[in-house]
Every structure is written in structure tokens, then in C-alpha cells.
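*Asks:* Put the two chains together into one complex; each comes in its own frame, and the hints tell you how they fit.
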Amino acid sequence: MAYTEDDLKKELETKEYEYGFYTDIESDTFPVGLNEDIVRAISKKKEEPEWMTEWRLEAYRHWETMKEPEWANVHYEKPNFQNISYYSAPNKKPKYDSLDEVDPELLDTFKKLGISVDEQKKLAGVAVDIVMDSVSVTTTFKKTLAEKGIIFCSISEAIREHPELVKKYIGSVVPKTDNFYAALNSAVFSDGSFCYIPKGVRCPMELSTYFRINQAGTGQFERTLVVAEPGSYVSYLEGCTAPTRDENQLHAAVVELVAMDDAEIKYSTVQNWFPGSKEGKGGVYNFVTKRGICEKGAKISWTQVETGSAVTWKYPSCILKGDNSIGEFYSIAVTNNHQQADTGTKMVHLGKNTKSTIISKGISAGQSQNSYRGLVQINGRAQNARNFSQCDSLLMGNKCGAHTFPYIEVKNKTGQVEHEATTSKIGEDQIFYCNQRGIDTEKAIALIVNGFSKEVLNKLPMEFAVEAQKLLEISLEGSVG
Amino acid sequence: MELKEKLVSSFLAFEEEYTGANDDLHKIRNQAIKDFETIGFPSRKEEDYKYTSLKSVLKENYSLFPKKENTIEYKDIKKYLIHEIDTYDLVFIDGIYSSHLSSTTHDKIDVCLMSSALNKDLYKPVIDNYFNKIAPKNGLNALNTAFTKEGAFIHIHKNTMADKPIQIINFSTGNESSLLLQPRNLIVVDENSHCQIIERHQSLTEHPVLTNSVTEIFADKRAIVDYYKIQNDKLSASLIDNTYIQQKSESFCSVHTFSFGGKLTRNNLNFYQRGERIDSTMKGVTIIEGKQHVDHNTLVHHIEPNCESHQDYKGIFDEKSVGVFNGKVVVEKEAQKTNAYQSNNNILLDDKATINSKPQLEIFADDVKCSHGCTIGQLDEEALFYLQSRGIPRKEAGGLLMYAFANNVLESVKIPEIKKRINKLIALKLGVELGFNL
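Respectively, the protein sequence lines represent chains D and R. Taken in order, the first sequence gives residues 1 to 481; the numbers are from our numbering. Taken in order, the second sequence gives residues 1 to 438; the numbers are from our numbering.
With the rest of the complex left out, here is chain R (with noise of 0.2 Å):
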């Protein structure tokens, strides 16, 4: 049976399970399932995934509703958690809130569960503002939104700073052969707060899973949000990350995003400016090689004036490794002094390996300055030579320069254990001995 088959055939006996009070919801996700059966799921024939076939991930009979209990404990998701510092977490097991592994919190901000969120009357007023309200309509978003269920639900009350970085974590075990996972987080951040948040999906085994992963977040007036998405999962693992970013006036959002593992991983990242003098930013670097396929899709949507937007994409691309970049950017007529710029810079280290970039630029009002650049090359020559006639052997000398390559965009990231973390997989991945300690 198709996936697109069985997905719809199940998701009656996924609504009869749920016996929650809010009415509503039935309704949104009875009228997504609706969706999910007209549109179904993205295919080449669509501009936005000329370079990027789902077909290969979608073929898999992955287990919708894991039913078997998991064992994990604390020690063996360790590692991937970054520990070394206080944070909140919200771990996930097979799609499955683990409450000995997580630490939440009701201490002048939420950080608490997507499925209680939208069974508690509390919070309805946020759940009716906010969920299910920017996310456009498009295959994939509506096949995760008939399916809501869990996630993580992150409310930041009006002038409150979140005391310490929150983690959203989803593991999948690997007790089902293959399983398909469709994680929902909302995170409200209310006017002059701020918060920080880590977001990671993490394989245990090799069996393969799928994530299409659908966040929301809303940036109030003055509101301040740093998000890091670290993508390395094992090369079993699938990820479709869907996250939107709605700002008002004054906002700060920044979203880096480091993808060096995984089978497919596309990301999906819009950003609506709904004020004035906002600051978007987006980063990422990507290392990756085998067959894997990393592919970023973002939009930038500069709907009013004094706004501005930062892209940076960096890729190193060995083997038969496909990067693909689509980067948007819409100026609206109304949306006058906009300041945008994007750049995607690319390195290929096989003959195999290729790169599709697309930066767009849609530009409706005059008094702005807009800019993209994008470069597709390799390692200078002369660089090299410098390093090599200094006695550091070639090999060495190439991994020193795709490190200061990826590295800068690390320059913006403000969780200093975050940086370290990431300094330490990029000379990993790119097999550099730093010889100095970060």
C-alpha cells in the first residue's frame, strides 16, 4: 500500500483514539487529513522540489503508532545532549514524551507538552491565537497536522528572559523496523522576552525513520529568539523540517542550522516580517558526503519597512553528496529601506558530488538594497602552497581551510557550549587534528 494510502486510512483510527475536549482541533485536523488526500506529497514536477525527490524516503513501510515500550536510559542519549550546561529538556522516544529524562517548567514560562497544551483549557486562548496559523498550506504540513499529537509547547510570558536554554530532543529507538515520526511545536515568545532553544532528532539504530517535523514560532514586539537546529543523525535517518517564524515589530529571530548527518534532510524556512526595524537571520553550515542529500529552502517575506535579513549558507560537499539551495527573498511594495542580503558558498571536493543553487530575489519596492552572491569552487591553490610551505602536510592544510571556511558562520552563535560542540563536529567531519583546545 502507498504511504499516502495507508497515512489517510489510518487516520481514523488515530482520531477515534483521541478523546481530548477541544473541539477545534478535530476540526483543523479533519480538514487537514482533507488536505494531506488532494495535495499529498510534494513531487519533482513542483518548482520548490526540482532538485529534491522525496520518492526514495517515502517508500519505506514505516510503523505509524509505535506501540512497544522503550528502555532508554539517561546514559545512553548522554552524548547527544548538551549536558554540560543547565538547560530544560524535552525528550522524545518514538514520538513519546519521556518524563524521567525531561525537565520542564510552569516557573513564569512554559516549557511544557504539545499534547497537554491543547487538552488543558489554560491554555486555549494561545492554542486558538496561535496554532496551526502560519504554517502554509502545502502537503506536508497538512499530513502533520492531521496528525498532532506531541511536540513540545514553549510560552515565554511578556518581559521574561527563559533562565536557561531549552533543548527539544526526539529519539527514535529502532524497536520498529521503520518508523515514520511527526513531531508539532509551538513556541510563543511574548513582547521583550527571550529565549534560547536547541532543537536535535536522533537515531539510535540503523532502522530507518522518517521526521517531518513541523514548529511554529512567534516572535512578539522586542522579542529576542535564538534557535539551533543540529542535524547529524545516522544515514538510516530522513528529516523534513518544516519551521515558520512569525515576527512583529522590533523581533530578533536567528536560526543556524548545522546538517552533517542524515539519509535526506530538507529544510523548509519562512520567515514572515509583520512590523517594522525586524532582524532576521539565518545560518547554516553543511558537511556532508556518502550519498547523502541536505537541501535548504528558505523564504524571506519583507512585508513592511526598516526590515532586514541576513543569509548565510556555507557547503562542503564530498563523494556522491547532493547540496541544494533555494534561497527566497520577497520585498513587498510597502516595504520600503529593506535591507537584505544572502550568500551561498559552496565547496566540492569529488566529481561526483553536485550543487544546485537557486538564490531568488522578488522585489517589489524601490528604496532598497538588496543583495545575493553565490560561489561554487574549490580550495586556493596558493593558500594551500602557504600552509604546505610551513610544513603542514597538504591533507591538513585542506581540512585547516574548509574549517576557517565553516567556521565563520559559527561567529553569531551565542550559547558558547553550542560553538564548541559544533567547532569540534565540523573538524571531526572534516578529519582535522585543531591541535589547539577550543
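For reference, chain D alone in the conformation it holds in the complex (with noise of 0.2 Å):
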């Protein structure tokens, strides 16, 4: 007899009589599937207050009436949203005793990337028994953060301790009915992190996940805020080039960034999930909700790195909506053998004298599928608002793919938006010229790529362009010929 619906909904009905669910709430995973109840226990085990579970409950009521978006040029399985557990806490258990019984392919990328023996057995969930020097770092970190009055911790930690802050920002920028998965990330979150920059505070360091070691495993539904007072600067890192073995495939992220006058948040992403086997097996799918709003003056810039993922689906917006605030947007997105990524970026201009600047660089391989998406909205309010945008795409083989869909919308005559794109790929006589000079046309390549992604990458931190620059080359590795 054929497996339907109702033979799921029973089963999970069962399954939750079965399982005692109420007296379960102390257990590290909860069961499969997604109701109201299961919405409700995530927000106690979170020890969240009472209007954040309403809140939650809000969003989750919204999702359910929402059906899965279609429009993004991507082809995947839908994922079973009954068939998800939607709660698991960090794993402290290790899962290995050494180095010796990890991945040698993993164990090779980590080498490629410089990282050092302590950071990849903690990357790749050695037991450490020694205490790493990060975590040292951590707690310097941590003073000189709160010396300045910055808070920089936890999304459940900031529930708890500043729930005046979060209440009143949070959802002020991705609305929990934003979308489908906002709207499901918005009931489900696990966690994530909170960042509060005071008034005129310039941080001085680069804030970055990688660092806040005490929480790991922010798990699937990852939830970023970020807010920065009037006349504030930060600079915010998220992910890491190492690549990430994570067993749950959906990922569904949501970050707000909330610029108030003249402050300046820069958001850095690289993103290295992993991308499914080479026959296009496994992976995991990414889709994400990023959005920042400018008040007067104040900047956002996006900077992102995407190699990973089976699916990415992401579109870092900036709503410039108060006078003379800028939006930048600088991509480079990787796609080799299955995987497929439909990213781009939204500026939507509200205000007068807004500038924006769209630089997005893809790069198709293998059989893969890139597509950039994006829009530019000029409002009938934004005077003089100006608009630049440039998209590359570099096509290695033919088998892929490399699209372009910009929609552009202008209703000011004040307005000026330039828009280009090409598709190209690397020319036969730049390997030649490199062969002739001795360069192999496998290093060649990864210096053309390097060239062409150079614009982005000049814009992220230091250290993190560095690793991307070699995370290019491995991400190409074997994409020649």
C-alpha cells in the first residue's frame, strides 16, 4: 500500500504519544516533525520569555499557510519539513580520538588552507585535550568588547539578557512573514548570534563566529542580529574556509543588520558547506534570508565568498532607506560539478542621494549551475540615487551553466543606474602566455580565477582573503580540461 500523507500524519500523531512528548523536553533531540508543540519546546529549552514564544508561534502559524518558493533557478528535491528534527543540541561527544581515523581527503584540504594541527582537530570534531589558544583569545576578546560596551554573544543568551534589545529589533528588518523560510527559520531558530555596537563605538576588532567557540554547533536555523547605534563601525565575519561536514542538509539562516545614522557595518560570509559528492549526491541545501536596512548616512556593505553548498539560494539585501546611505554588495560565487547557486543581491534606494555598488563574480564548473539574481529599485522619493553594477560570469567547460536575471525598476528621472555583465571564458592565449613561462595550466587557471575574483576579494578582512584566495583554487581543483 502506497505511503500518503495521512499515513504520515498519523504516524507522527503516534509518534508523539508514543515518545511521552511533554516529559521529553530534557532529551537532546527531539522527534521529527513540526507542530505548534515542538515550536513551543524549542522556545523552553531555550528558557526564552513568554512573548518570544509567541512570537515563534506567530511565525510558525504564518509558515504553515505559505507554500515553498519555485522561482529560483534551481532543481532539488523538496525537503520533507515532517521529516526534520528540528531541535539537537551541540554534540559534545567527540566524534573521533585522532587525527588518524578522519578523512585523509579533509585532512589534504585542511593542509592546502595552512590550518594549524589543533584548529583542524577541532574542525573536524577531534577530542582536544590541550587548551587552545583561541580560547585564550576569547576571553581577551571578551574584555576589551564589554570595555567598550559592545555586546557581542549568543542570540538565546541575548533573549535572556537583553531582551529589550532584541525585542525591539529583531524582525524590524526580515519580518517573520517575510518568506517561507524566513517565516520557518523566524518559529525555529536554534541559535545564532547577537551583536550590539553603542553609540559612537568604533570596535576594534573584526567580529567573527569563528571565535565564539563557547557556542558551537549554532545548528541548521541559524539566527544573526546585528545592530549598530548611530555613528558606530563593525565589522562582522561569518562562517570559515574550512570546510564544514555537517550532517543536516537544510539550512535555512536569516541575518539583520540594523544600521542607524552614519554607522557602518561591513558583513563578511564565506561559506564552504559541503557540496555533495561528485556525482552530485548529498550536500546541503542553503537558504538564506540576509537583509540590512541604512538609516541617514549609514553604510552596509556584503562582502561573500560561496563555494559550498549543494543549493544556495541567497540574496543579501540593503534597504537604503534614510538619506545619503550607501549599499554594497561584492560577491564571488563557485559552483563545480552538481552543485547549483541562484545568488545576487537586492538595493532597494528610498532615500535621497543613495548610492549602491553591485560587483558579483561567478564562476561555473564541472556541471554546475550559477545564476546571479538581482534587483535595483529606485523609489519615486530617491532623488539623485545612483546605482552601479557589474556582473561577471567565467564559464570552465560546457557542461554548466552561467545566468544572468537583473531586474531593474527606476521611477525617478533624477536616477542613474549603469548595469553590465558579461559572460566569458578564460582565453586560450592568457594559459598560453603562463604555460610558455613555465606556469602549469592547472596553477595557471587558479591565477586567471584569482585575477578575475580580484575585486572581491580585495574587500574582505585580511585573513579571510588570504584563505579564500586558496579556497578558489581548491573549490577548482580537477575543473580543468
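Don't take every hint at face value.
[Claimed, not checked] In silico BS3-like pairs for lysine-lysine, Cα to Cα no more than 25 Å straight-line: (1) K443/D to K291/R; (2) K369/R to K352/D; (3) K369/R to K425/D; (4) K411/D to K352/D.
It is worth saying that the hints were derived from the structure and are not from the lab. Since this is a predicted model, take the numbers as computed values, not measurements.
*Replies:* Right, dumping it as C-alpha cells:
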């Protein structure tokens, strides 16, 4: 007999009963499926106040009425949302006892990226018995930050300790009903980061989730909220260059940035989730909603290097609400083998004299599909708004695809918009020139790709840039010929 | 009654009236009305119609089959024709062929009527081979196919050059209070042949007219086709123009679209390249004001290697007008060495005017050169100052600059009389005294 939805429903109902759901809050992993009780349980587990629980529930109720979007230029088997466990506590038990047990391919990649042995152990999930440097680094960091009045902690901690701030800003940029995945995230987000920069403070260091090691394994539904008070500055790094092996297939994160008058937020991402095997099996689905709002004279700058995930669906956006505000988007998206990426940005110009810049570089190899999808909207009141967009695509081999879907909407005569896009391959003459000088073809391609991506790599913080450069080489390994 | 229901229910009467011998046509039309019934008119929910709503033009109570006799004389319509040069003319009035205003031929080339081509055995092979073969299945095409009755049929035989340009002109007299016209054209240009075609839709009164026209063009090997569309209709008239072009190896097709008039104009222009070393060119100038709406929706499908395509669309938008450009270039993975260029430049003259541009590339082949550019901006202040400092008033200076902006699209127009006429129209539209004769 065919297994129908009704059967599933029945099964889920009985399952809940079977395990005595309400008494099971202490267990580390919740039963599969999603309903109001699960949402309540997540909230309870995190010791959240009543308003937060209600907020989650509202999001969940709205999510139930929504349909999964299909407009993106990606094809994948839709996840079954009732077949996912929505909460699992960070796994404290190490996966391996020593580095020898770890997949040699992974170790090889670490080596190429130049990651220290201790860090390798941590990333691969090997038990570490010595106190790692970064722990002490973190403590020093925390002290410096506290002196300046900067709050940098996990979002669960923030909900408990700074509820007034979270309550004020959460959902203010990405409403909980914004889209299918944002609503899902709002209902079930497991953890994430919260960052608050007080008025006029310039954050002395790059804030990175990488250093916030006390909160490892933020899970698949990450929620980030960065608030920069007037005149402040912060640079925030997300992700890391090391390949992340994760068993969670679906990742739906939400990032909200609030830049008050004259504040500046720089948000850099390096995403290197598991892209699936060479045959296109497995891999992470990365469906992210990222958005920032700029008040008067504020600036938000998104920089991203996307090399991982089987399916990426991500549009970091800027709402240029205040006069003279600035939005920037710099992106490199690399797809190889069977990866698919549909990524780009939205620049919504509402205020006068607002400016935006979009530089997007897409590199596709293997049998991958790489799309740029962007919106530039200049509204009627946005006098003298200015936009420059450039989307370049590089194709390697004739089994991959590169696509551009720019949307340009201008409703103001003083608006100036320029958009240009090119698609090409690496010139044979360029490779020949390198070969002639004793550089083998693989190296030559790495060299050319790095040159192609330079405009974006330059925008990354120093240590990230070096690693990202190597990451590009690794991602494209074996795509020659 | 909704227009859709009205159309579907009047189809039966239309089919009965038709007594032609061609059974295949019956089948095609019956299938088409079924398709139309299921698909219906496009709505804004569809990606292709995101920026253009047909609602305002579909709400009229259009009459479908005009009855009244018309009494149009040559003097009434002379100014709408390119009369300075000798041409073949196919004149339709309210969708009915007007023999005394037209001049057709069967000498080496066939310039005649769709109705006769559909009914005569002589043309059956051509109709069987080409009719309704490349128009994709969508609501508007299906509707046109279901009501196929009249239009232009042009067949240029192998190794022939059409000795004169061909004009296809559809007039609406306004005898009916509102009218829906559905001309259907088929143009077949055989190997090594050449023709130039000018198409125009014109209403003679202020009564609302909606034209849903479908044109299929087939260019065989080494054929050359130049197509000019002049869209300068009254503000009560709306036009949905669907043109599909299939090209074989080494053929050269160009379509120039000049949109100055009309309430709502939607141009669906698709090129399918089925052969190597093909060149496809599409250019357009749009100058509109008031509440006018012009939408250019283009597609170039590169299927085989070594082909080229060029797109250049310029637009000037004043008052509350809305411009849409939706250009798509698809390069299949076999189509190596493709060169595809697309450019869309716009000037907005008023804060109420809107431009929505969506230049898309979908590329599956690696050894290609594809680029697109899109700009939206204003006149260069420095250029204006330069002209003003030489004693040209600001208004005229602006006009001259816009004239220059739009004018360079005309470089590739091959019929001098058209160039002249369009130049004059542009100057008139922009209110420029050129001060020199063209």
C-alpha cells in the first residue's frame, strides 16, 4: 500500500504520543516533525520569555499558510519539513579520538588551507586535550569588547539578558512573515549571534563567529542580529574557509542588520558547506535571508565568498531608507560538479542621494549552474540615487551554465543606473602565456581566476582574503580540461 | 460577459462561417481554441508579464466581426503609407482586405493574402510546412490561431530579390465602437532571397482598438529579411505584436521597432537560430509620454555554433509613461563561439515615469562572448552647458541631445525613405527644430 500524507500524519501523531512529548524536553534531540508543540518546546528549552514564544508561534502559524518558493533557477528534491528534527543540542562527544581516523581528503584540504593542527582537530571534531590558543584569545576579546560596551553573544543569551534590545530589533528588517524560509527560521531558530555596538563606538576588532567557540554548533536554523547605533562601526565575519561536514541537509538562516544614522556595518561571509559528492549526491541546501536597513548616512557592505552547498539560494539585500546612505555588495560564487547557486542582491533606494554598488563574480565549472539574480529599485522619492552593477561570469567546460537575471526598476528621473554583465571563458591565449613561462595549466587557471575575483577578494578582511584565495583554487581543482 | 468567454462562445459561429477546403486548418483552429480556453490571457502573475498588465485593455466590450462597409479612399490614408517610393501594399481595413487600395503580385514572388493561401491547393505545401510551426503555445498565440482568417502571406522563392519593399498596413475605421483585430501573417523567404517589409497598425478615429497580431517569419539559408515596425497609433489603440522568426544557416534578419504611439504596446519578438553563422539584429526606439506603456520582450535562442545576435533598444520616457524591456539571450551548450550583445539605454524625463528593465542571459556554452548593458540616466549636464554656451536654448539643446541619443539606432535602417520619416517623427516627438533637411 502506498504511503500517503495521511499515513504520515497519523504516524507523527502516534509518535508524539509514544514518546510522551512533554516530558521529553530534556532529551537532546526532538522527534521529527514540526507543530506548535515543537515550537513551544524549542522556546522552553532555550528558557525564552513568553513574548519570544508567542513570536515564534506567530511565525509558525504564518509559515503553515505559505508555499515553498519555486521561482529560483535551481532544481532539487524538496525537503520534507515533517521529516526533520528541529532541535538537537550541540554534540559534546567528540567524533574521533585522533586525527588518524579523519577522512584523509579532508585533512589534505586543511593542509592546503594552512590550518594549524589544533584547529584541524577542532574542525574535524577530534577530541582536543590541550587548551587551545583561541580560547584565551576569546577571553581577551570579551574583555576588550565589554570595556567599549559592545555586546557580542549568542542570540539565546541575548534574549535572556538583553530582552529589550532583541525585542526592539528582531524581525524589524526581515519580518517573521517575509518569506517561506524566513518564517520557518523565525519559528524554529536554534541559535545564532547577537551583536550590539553602542553609539559612536568603533569596534576595535573583527567580530567573528569563529571565535565564539563556547557556542559551537549553532545548528541549521541560525539567526543573526547586528545592531549598530549612530556613528558606530563594526566588521563582522561569518563562517570559515575550512570545509564543514554537516549532517543537516537543510540550512535556513536569517541575518538582520540595523545600521542607524552614520553607522557602518561590514558583513563578510565565507560559506563552504558540504557541496555533495562529485556525482551530485547529498550536500547542503542553503536557503538564506539576509537583509540590512540603512538609516541616514549609514553604510552596509556585504561581501561573500560562496563555494559550498549543493543548492544555494541567497540574496543579501540593503534597504537604503535614510538619505545619503550607501549599500554595497561584493560576491564571488563558485560552483563545481553538480552544485547550483542562485544568488545576488537587492538594493532598494528609498532615501535621497543613496548609492549602491554591486560587483558579482560567478565562476561555474563541472556540471554546475550559477545564476545571478538581483534587483535595483529606485523609488519615486529617491532623488539623485545612483547604482552601478557589474556581473561577470566565467565558464569552464560546456556542461555548466551561467545565468543573469537582473531586475531594474526606476521611478525617478534623477536616478542613474548602470548595469553591465559579461560571460566568457578563460582565454586560450592567457593560458598559453602562462604555460610559456613555465606555469602549468592548473596553476595558470588558479592565477586567472584569482585575478578575475580580485575586486571582491580585496574587500575581505586580510586573513580571510588569503584563505579565500586558496579556497578558490581548491574548489576548482580538477575542473581543467 | 468577460472577453475570454465571449471569444470562446463566438468561435463556433466563426468556424461555421468558414467553408474552406483545408481540413487541417479546422483541426488547428479547434485545438487552438481549446488551448486558449485552458490558458486564457496572461496575467501579471506570470514572470513575462510581471511589469505589464493587460487588464485595462481587455475590459472593453470589443466587437469581433465588423459588419459595416467602409468607404476609405486613398487620400484618407496616404499619409500613413511610405508613398514616396514604389512598394507592394497589403492594406486591411477593419481586418478586411481592401483590393482597391492594395497592390499585390504573383510574379516570381507571392505577395498576397492569408485567406487565399489557406484556401488554395497551390499554397497547401507551404502552409503545411510553415503555418503555426514556431509560434509557442500561449494564450495570445492560441487565440490568434483560433481566429486565423486574414493577414499577409508573403513567399519569396529561391534566388529572388523582392524588387520593391512590401508594406502591410492594418487600418481600423472606428465604425464599430470598439474592435478586436487579429491579423495573422506568414512570411517565407527561401534560399538566397531577400525582402524588405514595413508593418504598421493605424486607427483612423478615437475608438478603442486592440490588435493581437501574430507574424511568423522563416528565413532559409542565406536569406536576408529586413523588417520595420512603425508603431505610432492613436492613444485609444493598443497592440500586442507577436513575431517569431526562424533562421537557417548564414541568413540575416533584422527587426526595427519604432514605438511612439498607442495606449499599450507589447512586442513579443523571438528569434530561433537553426543553423550556423546566423546574424540576428533587433533594434528599437521608444519615445512616449502621457500614460503610454511600451513593453519590449525579446528572446534570442542560440542553438548552433558561430552565430551572432545584436540588440539595441533606446527609450525616452516622459510624464507618467511606463517602459519595459525584457530581453533574454539563451545560449545552448552546442552553440559555441556565439557572440551575443544586448544593450538597453533609457532616459527618464519625469519623476512619474517608470522604466523596468530585465536583461537576462542564460548561457550553457563556455566558448562564448556574451554581454549586456543597461543604463538609466539623464542628459549630460556638461553637454547641455556646452550647447547653451553656444547660444542654443536649453530646451532645444535637450531636444538635440535626445535626438542624437535615439538617432544612432537608425544607422542600420536600409530604406532611406524610412530613415527620413522616422527621423522626422523623432524630431517631432521631441519638439526639436533640426534646422537642416534630412
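*Asks:* Now, for every hint given, state plainly whether the structure supports it.
*Replies:* Quick rundown of the hints versus the structure:
no., hint, in the structure
1, K443/D to K291/R, "violated (57 Å)"
2, K369/R to K352/D, "violated (37 Å)"
3, K369/R to K425/D, "holds (8 Å)"
4, K411/D to K352/D, "holds (13 Å)"
Hints 1 and 2 from the list above are not met by this structure, while the remaining hints are.
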